[in-house]
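Using the hints provided, position chain B relative to the given structure of chain A.
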Amino acid sequence: MEIDKNFSYTEALVACPECDLIHSVPKIREGEQGRCIRCGALLFVRHKNSLNRSLAFALTGLMFFILANMFPLLTFEMEGQAESNRLIDGAIAFWNAGYWELGIVVFISSVVAPLSVLLVLITLLLPMQFGRSPFSPQFQIRLLTHLKPWAMSEIFILGIFVAFVKLQDFADVSVGLSLFAFVLMVAATVMAYLTLDEGALWSRLKEIRA
Amino acid sequence: MTAPVTAKSIGAVSCHVCGLLVSNRYIAEHMADCPRCDAALHSRKVNSLNRTWALLIAAAILYIPANVYPVLTLISFGRSTTNTIMGGVIELAQSGQMVIAVIVFVASVFVPIFKIAALLFLVISVQSRLKVQQRKRALLYRFTEFIGRWSMIDIFMISILIGLVKLQALATVTAGPGAIAFAAVVIITMFAAMSFDPRLIWDDEGNDNDG
Numbered sequence: 001m002e003i004d005k006n007f008s009y010t011e012a013l014v015a016c017p018e019c020d021l022i023h024s025v026p027k028i029r030e031g032e033q034g035r036c037i038r039c040g041a042l043l044f045v046r047h048k049n050s051l052n053r054s055l056a057f058a059l060t061g062l063m064f065f066i067l068a069n070m071f072p073l074l075t076f077e078m079e080g081q082a083e084s085n086r087l088i089d090g091a092i093a094f095w096n097a098g099y100w101e102l103g104i105v106v107f108i109s110s111v112v113a114p115l116s117v118l119l120v121l122i123t124l125l126l127p128m129q130f131g132r133s134p135f136s137p138q139f140q141i142r143l144l145t146h147l148k149p150w151a152m153s154e155i156f157i158l159g160i161f162v163a164f165v166k167l168q169d170f171a172d173v174s175v176g177l178s179l180f181a182f183v184l185m186v187a188a189t190v191m192a193y194l195t196l197d198e199g200a201l202w203s204r205l206k207e208i209r210a
Numbered sequence: 001m002t003a004p005v006t007a008k009s010i011g012a013v014s015c016h017v018c019g020l021l022v023s024n025r026y027i028a029e030h031m032a033d034c035p036r037c038d039a040a041l042h043s044r045k046v047n048s049l050n051r052t053w054a055l056l057i058a059a060a061i062l063y064i065p066a067n068v069y070p071v072l073t074l075i076s077f078g079r080s081t082t083n084t085i086m087g088g089v090i091e092l093a094q095s096g097q098m099v100i101a102v103i104v105f106v107a108s109v110f111v112p113i114f115k116i117a118a119l120l121f122l123v124i125s126v127q128s129r130l131k132v133q134q135r136k137r138a139l140l141y142r143f144t145e146f147i148g149r150w151s152m153i154d155i156f157m158i159s160i161l162i163g164l165v166k167l168q169a170l171a172t173v174t175a176g177p178g179a180i181a182f183a184a185v186v187i188i189t190m191f192a193a194m195s196f197d198p199r200l201i202w203d204d205e206g207n208d209n210d211g
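Going down the list, the sequences are from chains A and B. The numbering used here numbers the first residue of the first sequence as 1 and each following residue consecutively. The numbering used here numbers the first residue of the second sequence as 1 and each following residue consecutively.
For reference, chain A alone in the conformation it holds in the complex (with noise of 0.2 Å):
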């Protein structure tokens, strides 16, 4: 392969986040995805509309998660007594039973992250829908890179479906409205990645400011 090594920097080239290897940045089509020749990793993607699509899916994801924190998730009922709990009872939990840390990382991944990513998403498109810079896109851009590990609403889901469990064996549960909120929250949030095209986001930035 002939490279041109005479750039500053360039768009023209991608290296391999995992492995260094230089490709040139092919002409895929919407749908298609271009994947590491050497280490196999994925490389490029292309989604129809992208950024639209996943500003919708942002704005959905949020609503479910304001929805997720008005009503229980789940019920508990023993000998005539209830008790029921709400999403953000699980870190408040363990920080009175005097676990702060346990508490402090709780609240991270099953509260701030999600909604970080969530409201960083839409802060970052949707003033892009309108023709606008967003107010600093190369922040907010990492912020959502180093957002997105702690997020954890997948997991917790599982972790809820645990309890839900080991409580049925001896008492009654029942599931709170906001556990299907919070689902769909998930699956939206997870869709708003999937379809946020990040090549695109740069190039529609580009043609913003220009």
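Keep in mind that the hints were calculated from the coordinates and are not lab data. Since the model is a prediction, treat every value here as computed from it, not as a measurement.
Keeping only pairs whose Cα atoms sit at most 27 Å apart, straight-line, the calculated DSSO-like set for lysine-lysine is:
1. K136/B <-> K45/B
2. K27/A <-> K5/A
3. K131/B <-> K45/B
4. K48/A <-> K148/A
5. K148/A <-> K136/B
6. K5/A <-> K206/A
7. K27/A <-> K206/A
8. K45/B <-> K148/A
9. K5/A <-> K45/B
Chain B in isolation, oriented as in the chain A frame:
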């Protein structure tokens, strides 16, 4: 075989956040961060192997209290049962919930051990300049990074139980100190996976000229 062309071999750095390819000359001239996303630029993750080693050792040490101390105590009608991580799995299996028991076993017992072992293997294989099965090792790294977060299931489950089951004498669930150690193992191994640079698996493949 011709040497593979990498960002390093053509004197450039790929931004670890946005992937923009920036030449070393530009970075030196402008003392620059990434011109597209402002992230700090470096060719390889800083101190990757040392950091990964340190975090792995910390995780392996904490793995012991995580499994020895109880994570959960249930008090119901004056009877109390205390569970460790493994005890919780066994109890689920005994009550006939095999599918859930397997899920929890994989997430809480298998994944942390697998993750520590896989990262140890990757770090050692890089340090001993092993040049075989690079694609498989790259895949192992990708898999390890992906599964790590799922061990948090148990922590979330405990947070829900202690928040929900607080009917005083009837039934109360409290957390145990093992939970802190266990959460620490999960988070520290996540940092260990993040600090390992998979590009080291491929470095020096056939080219010694770093110019």
